[in-house]
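J.: Based on these hints, arrange chain B on the given structure of chain A.
Keeping their order, the protein sequence lines are chains A and B.
Residue numbering for the first sequence follows the numbering used here, beginning at 20 and increasing consecutively.
Residue numbering for the second sequence follows the numbering used here, beginning at 4 and increasing consecutively.
Just so you know, these hints were derived from the structure itself, not from any lab.
Using N, Cα and C, we set each Cβ at its ideal position, and we do this for glycine too.
It is possible that some hints are incorrect.
[To be verified] Computed list of lysine-lysine pairs in DSSO-like fashion (alpha-carbon distance at most 27 angstroms, straight line):
hint, chain 1, residue 1, chain 2, residue 2
1, A, K100, B, K97
2, A, K192, A, K312
3, B, K97, A, K70
4, A, K70, B, K121
5, A, K70, B, K139
[Said to hold, decoys possible] Some chain B residues well away from chain A (every beta-carbon gap over 10 angstroms; in silico):
hint, residue
6, A18
7, H53
8, N73
9, Q96
10, T103
Below, each chain spelled out in residue letters.
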Amino acid sequence: MYSVVTNISQTYQIRKMKNALVTTDWLQANLKNPEIRIVESNEDPLLYFDKHIEGAVHIDWTSDLNDPLRRDYLNREEFAKLCSQKGITNETHVIFYGDKNNWWAAYAFWVFELFGHKKMSLLDGGRLKWTTENRPMNDVIPEYEYTTYTAQERDDVRNRAFRDDVLKHLNQKGAMVDVRSPEEFSGERLHIPGYPNEGALRGGHIPGAQNIPWATAANPENGTFKSPEELELIYAKDKQLDRNSEIITYCRIGERSAHTWFVLKYILDYKNVRNYDGSWTEWGNLVGVPVEK
Amino acid sequence: MAYPENLQRVVDYFARITDNQTRIQTLISYSKRFVEVTEDVAVRPFDQRHRVPECESDVYVWAIVDDNQNVTIHTAVENPEGLSAKAFAAVLQKGLKDATVDDIEKLDTELVYSIFGKQLSMGKNMGLTGMIQMIKAQTRQHLAG
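This is chain A alone, in the form it adopts within the complex (with noise of 0.2 angstroms):
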């Protein structure tokens, strides 16, 4: 059952093995590297194209990688000829970094681990650690020639959870993290004043989820993750997340508990993670569901 990594230093070295996290030294000492490529992927829309790491890419979530019709994520092909235009091969070891904590290049971190890109990490401290360093960035948008890049069938099994899924575990007592704010958890603010239609009907929470704030991962005056010792405080010990268990992160659209899915599978090494995308904006709507004040 409930387990936690007395030994820290195993947990560090969990991560070293994962590779999932570079610092913003390795980075710097690494952009001529042809096998790296580095996207950006933000909430703010202006970022980006004001300045970015020298030989950056940007992804952007909407118009990227998102379905512009159906509420899903690119198909295969998609997928295929996003890595292809970017400049991606299925051996480039991408790394990811973005405004806000990294919030939306985790996003990106698992729409790409959906399709089983290989090698990729997170920026740890993200746009904001870079620059307050001081370190390079322009505003030159980088053309790289296009590649061949075999995508596998996006794999919605291993690291996502539908609402049926959700239904499910909810009926089997299994582990969730809510990772909105605690008003939105608590159903105290529901959506934004004025557009009705992009919020949800219900205001609440999923029965038995557990409300951690996404951004609790984070050191807010830098943007890196909290430490490894600081995190399993967190979610193992102050949260009784059992690290083999099933367990479910969500949000609002899924962006912010993309974060959270993160922090459990690969910095805290937790076996069984999935994200449901639909969040908040699916469940507050679906006709019958249970949802807890």
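T.: Relative to chain A, chain B alone:
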């Protein structure tokens, strides 16, 4: 929706933009013209009552109403990554120059889409919309005495 003349001019300009890259570059250009709240209006730490709660970029707004019922908008964007917030604040500063309390009352949250286009994320929309609502709320509060 009839906006004050200055703001309508800005809205009309953005309406003529047909490609996203031009819109982005125009907004970046606006962000560079952002003028932060002056010390005669507010100093750090800012009064939390002026903080826009919906905005992730840690934005503070002051809508100052003078004796002639004209409104002056002041803004602070504390998050260094809040480029869109700075751009929108600069649009409001330019568009609402010499605005009256009646002009403020006519502001509509649709203005955010008019400036940024429909591609805006829900969270970003929420923050920018919150800036408009804060300006309107402060103006109404002043009028209510």
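J.: If you test the structure against every hint from before, which numbers come out violated?
T.: 1 and 5
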